[in-house]
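Engineer: Construct the entire structure; sequences and hints are all you get.
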Amino acid sequence: MSSRGMNAFALSGRLLLRQGRSGALGLLAAGLIVATAALVAVSQFTDRVGRALEREAGEALAADLIVTGRERIDSEIIEQARAMGLDTSEVILMSTAVFVGDDSMLIDVKGVSEGYPLRGQLLLADRLGGEEQPFVGIPERGQAWMEPRGLRYLDADTGDMTDLGTRELTISRSLVFEPDRGGSRFMLAPRMMVNLADLLDSELLGPGARARYRLLVAGAEGDVDAFRRWLDPRLDEAELGTITVRDAEDQTGLALTQARRFLGIAALTTVILAAVAILLSALRFASAQRDLVALLKSFGATGNQVMAALSLMLLWLVLVAVIIGGLAGLGAQAMIAEILADGPAGALPPPRLAPVLGGGLFTLLLAAGFALPPLINLRQVPPMRILNRSLDNRIGLSRLLWLLPIAGALAIPVFQLGHTRLALIVLGGSAVLALALALFGWLAMIFTRLLSRRSTAAWRFGLAGLHRRRGAGIVQVTALGLGLMALLLLMIVRAELLEQWRGSLPPDTPDHFLVNIQPDQVDAVQDELIRVGARNLQVRPMANVNLVASSGELQRDERMAGQINLSWIDRLPPANEVIAGEFFAPDATGEVSLADMWAQRLGVELGDELTFESGARRFTATVTSIREVDWNSFNVNFFVLLTPDAGELLPHQYIASFYLADGDGSVLRPLSRTWPNVSVIDVGAIIARIGEIIDRVSSAAQVVFLFTLLAGLVVLLAALEATRDERRHESALIRTLGADNPMVRRGLLIEYGIMAVIAALLATLGSAITGWLLARELFDFAYQPSLRLFVTGFAASVVLVVGSGWLGNRSVLSTPPVRILRTG
Amino acid sequence: MGFSVQAPGGQLDILKDINLSLNEAETLAIVGASGSGKTTLLGLLAGLERPTTGEVWLAGEHLNRLDENARARLRRRRVGFVFQSFHLLPSLTALENVMLALEIAGLDRPRERATRALEQVGLSHRMAHYPRQMSGGEQQRVAIARAFAGDPAVLFADEPTGNLDRNTGESVARLLFDINREHGTALVLVTHDLNLARRCGRIEEIEDGSLVSGQDGAQGETGRERFRLVDKG
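Residue numbers (the numbering used here), protein chains in the order written: chain E, 1 to 824; chain W, 1 to 233.
Far from chain W by the CB rule (all over 10 Å, computed), these chain E residues:
#, residue
1, 424
2, 540
3, 564
4, 790
Stretches of chain E that chain W covers, calculated by requiring three or more beta carbons in the stretch to come under 8 Å of a beta carbon on chain W:
#, stretch
5, 721–735
6, 740–754
7, 811–818
The hints are simulated quantities; they were obtained by calculation from the structure and are not laboratory data. Since the structure is predicted, the reported quantities are computational estimates derived from the model, not experimental observations. Backbone N, C-alpha and C define an ideal beta-carbon position, used for all residues, glycine too.
Structural biologist: Take a look at the structure:
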């Protein structure tokens, strides 16, 4: 090591120890710690939730991959999967009628083999309405587990006997939850789960039986991929298909994705705030080091040595901050995981080191971007300053050095990969706000300058205070505004966005569906539903057709191929928005309207002519509109809508959706007895689960918000601290001139008050706009900022700024005026 | 009168056994080496601090009995200050700097008075200029205008020429004595500059916190007592 290096090392250590107690270095450290903590907490949590989500998606399948077929899956395939180290389980699904006593009904039988479910967990109860408990295992031979609604319709409970083909089975448990039922909310009949061997022995699976055969496969990601590569070329020949987790989109997954975005916003805001705090405190720290640097230089230190020492000192500081912040972040994410533990994500996968390292590295980047430039700038302090302090009067950042913070800011979305859009919204919002704040700050300085000419001493002192710290004042207003905006944004998110998100599932969201209503039953069924108190009732026709041709080029998409359920209607249904073309005119004929997702996947465009086939009937319709459909609305929605003329000629049935205040659905029993063909589907559980996710996510988000709040406070402090020395000097001066405490206090209040009003006004506006943008772009709902928020947000901001300015400047008031004599 | 502070090694007496009084329109120079206690004495005389022993009277008021705010109110009417490094507010023009002091004192027609004071120090053409646009001498003249515009009883000047070259310093000094003569303002100068000190009616030398000698300067005039330091110890 060279002697120069030695000096720099020793000097950097001494600098850190000696300056450790100075306010500026403390704030710099606080900014770095808060940034690290927030980053580590959120990235760790996001990582764990991300992995949990994949697992959750796996749970929706009860496997990582499902091989489907019309016959039993070949044992060669099963053996291959096992040979590749994968777990397997065989499942056979079919519909059949079962009897309990004299009651009979159509049920969906699921025969499962050992190992089921490979992912997720079964919830069972000892009897109808009994306490549900997780269960590992499958029905023993001779036993059946039946879903509660099946038990209710059959007036049965555990202990009753039922039959399955030639087999007699005892209903031994109530089947509350099976993981791979998720998403299939249109499962027509209640479930009965049996041992695979019983189903195979039941003689129900003879020729012509419409059974669906599945092989569930699960294992390490690489093994599953390898198996898939082996399997793919054999699928067509064996007439097999596959289902993967990617096909299993469901609402809970969507809610968790939104939760991640949500926490992402909090983390980003924290990082932006921390960056501002770091920059402000580094500027102040650097300015306090000018005498020292001048002294070192006059003793013969070179600019490079000074720079090396300061950079090393920053590095030590970052290391300390990364350790403290990393621990705090790990603690916080453990809290978040605890909150979510028995919630949507289940027990989260264990933490990994990578996100911690990532957080630490990013803090280093933040420090390099926001704290290093002011320190590097100290190189330029002339040694002559030691003789004449006015020489460097105030060193601003040289232009080139500003590139570092800008690069740092741009690195944020890169780091937050996967959230780029979100990062850009938050970052862009902050940048626009920062510019607006700087502009208004500057205008306010000019205005107060004019105003101060026509005012009295306290006002003149206060206003002049603003004006004489023009540069610092603009930075202060900007920083305060940003800090306030972040805090208000959190307030919006906490108080309103979450509330409205929760409200985005209205209380009368349909929780029941009736399917397979025949045309001649519609009126009577509808009357019955109204009688039992169904609300928000919608009844829609539905026909099953094949898409056979298009005038344009069709992309074959496996997910969309084959039969389509479509409907017809003469006006735009709720939860639909036309995004291209125009919806059917009142007397339009021969037209078709498509959901955008469906149109995109098949490559269909406006003006294309689609030909459908239903039995012997063929018809052609022109695409005249593309719709965006809110699939989360729980309304009955269709990818394809026809004009009524085309649809009414097709063989069809009806489907009804409605909300039933009475949750247990027993009032519907007479209905299903009168019309046995009609099936009732209860999706209340899914809706309740989404509500639960939203609740838990809001609690978890608060932990992250705590860091954002801390970062906001550090910014406020750093901003106020930035001019404290100057303020202290000035107040001592005017007190020497005879100003008493009330006068100095008034002056300070005026100065802070004006800054607070500008910052609060812009921050309130900025947060409302950003909140609205976030809600629209990311959470898919229209957020309405409330007047109450404006008023309380504004008032709270003013109080916060004036209050903290006040507290931070108490020392200004207690500075003895004699100090002015001592400063020369 | 005395003044001491608690230092890590025990009590540190900065000033001890000081007995001093100043009459109306009198001029007094306080000289002494660095660290001898000159500035502390100035702060005590002007009511910026209170003595730890003894009493200070300023313009008939017993300063020991006045709290910080009451002393501030006394200062704004009775005391003017000139500092070595001027201490003008950089964001205010020359005129506004002078007006600020008058407004703090609550005097009427501050603009008129400030204008007159600046004219008197020969800066009528610089009123709208900011401190950074003025030379050191000019800044000090603004500070002098600020100090006497409110017609104080005593003007305290702490090394008023310390930051100025010889010629400029000379003109600033002349200005101070002119004001003393024309307005009857008592003048207390703290200085290293013996030439400047000798122009005062009286010179007090301070050494290790005590007055070692009192000598008459050029003027030696007396009048109504402006302040008095009494040593009761």
